[in-house]
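Dock chain D against the given chain A, drawing on the hints supplied.
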Amino acid sequence: AQSVTQLDSQVPVFEEAPVELRCNYSSSVSVYLFWYVQYPNQGLQLLLKYLSGSTLVKGINGFEAEFNKSQTSFHLRKPSVHISDTAEYFCAVILLRGSYIPTFGRGTSLIVHP
Amino acid sequence: DGGITQSPKYLFRKEGQNVTLSCEQNLNHDAMYWYRQDPGQGLRLIYYSQIVNDFQKGDIAEGYSVSREKKESFPLTVTSAQKNPTAFYLCASSETGGGANVLTFGAGSRLTVL
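First to last, the protein sequences are chains A and D. Per our numbering, the first sequence runs over residues 1 to 114. Per our numbering, the second sequence runs over residues 1 to 114.
In isolation and in its complexed conformation, chain A is listed as follows (with noise of 0.2 angstroms):
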């Protein structure tokens, strides 16, 4: 079985202030991970994924990633945010094994305040 974890609901931040959204997940096989973004009443967007080789993504926006496979996280970081990056952040993970569907985390509210 797999799952995704956000460990954080909600996360306020001041504008040009850093930011990291922290996902977690358990697999017993290989994955591939996405962090995707969703603006109000809209679909999700793909910021950033890591299939393979370096650790370290880098997505849209400025937005960041990096692979931790010893502590199974995938944490998203951004070094200041704009009023514009309020949204709701998904982590997602794919199985390699299976049907190869998505599961998604529950999703991070990033408020970012002026």
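If you're looking for bench data, these hints aren't it; they were derived computationally from the structure. One or more of the hints may lead you astray.
Computed cross-link-like contacts, DSSO-like style, restricted to lysine-lysine with a CA-CA straight-line distance of at most 30 angstroms [stated by the list, open to error]:
id, chain 1, residue 1, chain 2, residue 2
1, D, K83, D, K14
2, A, K69, A, K49
3, A, K69, A, K58
4, D, K9, D, K71
5, D, K71, A, K49
6, D, K57, A, K49
7, A, K49, D, K9
8, D, K71, D, K57
9, D, K9, D, K70
If you want a taste of the chain D side facing chain A, the calculated C-beta under 7 angstroms gives, among others [to be verified]:
id, residue
10, G42
11, L43
12, L90
13, N101
14, V102
15, A107
16, G108
Every residue gets a Cβ at the ideal spot worked out from N, C-alpha and C, and that includes glycine.
Below, chain D without anything else, positioned relative to chain A:
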């Protein structure tokens, strides 16, 4: 522009009525998915289809039905058997049904049962 179109964006239904949500894609993707989103619960998979004329149940298929008669279309019917249908419904597609499935999402349909 290629993408996924969901309609209607907002839908109201009386208890006991069936309702069908439309999902059309012009990305030439093989796989299509339906997710349900509730506050604090992330995305839960309802049904998915990896090829025309074939589809599989997801984690919460009870009270829902789908069809995949054409590659570009994957409508979802919310039946009267679904006990708590009020939710935000997201349709997605991916190039294939396996591998590093990066999902492309529609803008969603919000269903409210009165």
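Results of checking the hints against the structure:
1. D:K83 x D:K14: holds (12 angstroms)
2. A:K69 x A:K49: Within the cut-off at roughly 15 angstroms; holds.
3. A:K69 x A:K58: holds (17 angstroms)
4. D:K9 x D:K71: holds (22 angstroms)
5. D:K71 x A:K49: Within the cut-off at roughly 26 angstroms; holds.
6. D:K57 x A:K49: OK: K57 (chain D) and K49 (chain A) at ~26 angstroms, within 30 angstroms.
7. A:K49 x D:K9: holds (29 angstroms)
8. D:K71 x D:K57: holds (18 angstroms)
9. D:K9 x D:K70: Holds: K9 (chain D) and K70 (chain D) sit about 22 angstroms apart, inside 30 angstroms.
10. G42: holds (4 angstroms)
11. L43: holds (4 angstroms)
12. L90: Status holds, d = 6 angstroms.
13. N101: holds (6 angstroms)
14. V102: holds (6 angstroms)
15. A107: Since chain A brings a Cβ to about 5 angstroms from A107 (chain D), closer than 7 angstroms, the hint holds.
16. G108: Nearest chain A Cβ about 6 angstroms off; hint holds.
Of the numbered hints given earlier, the model fails none.
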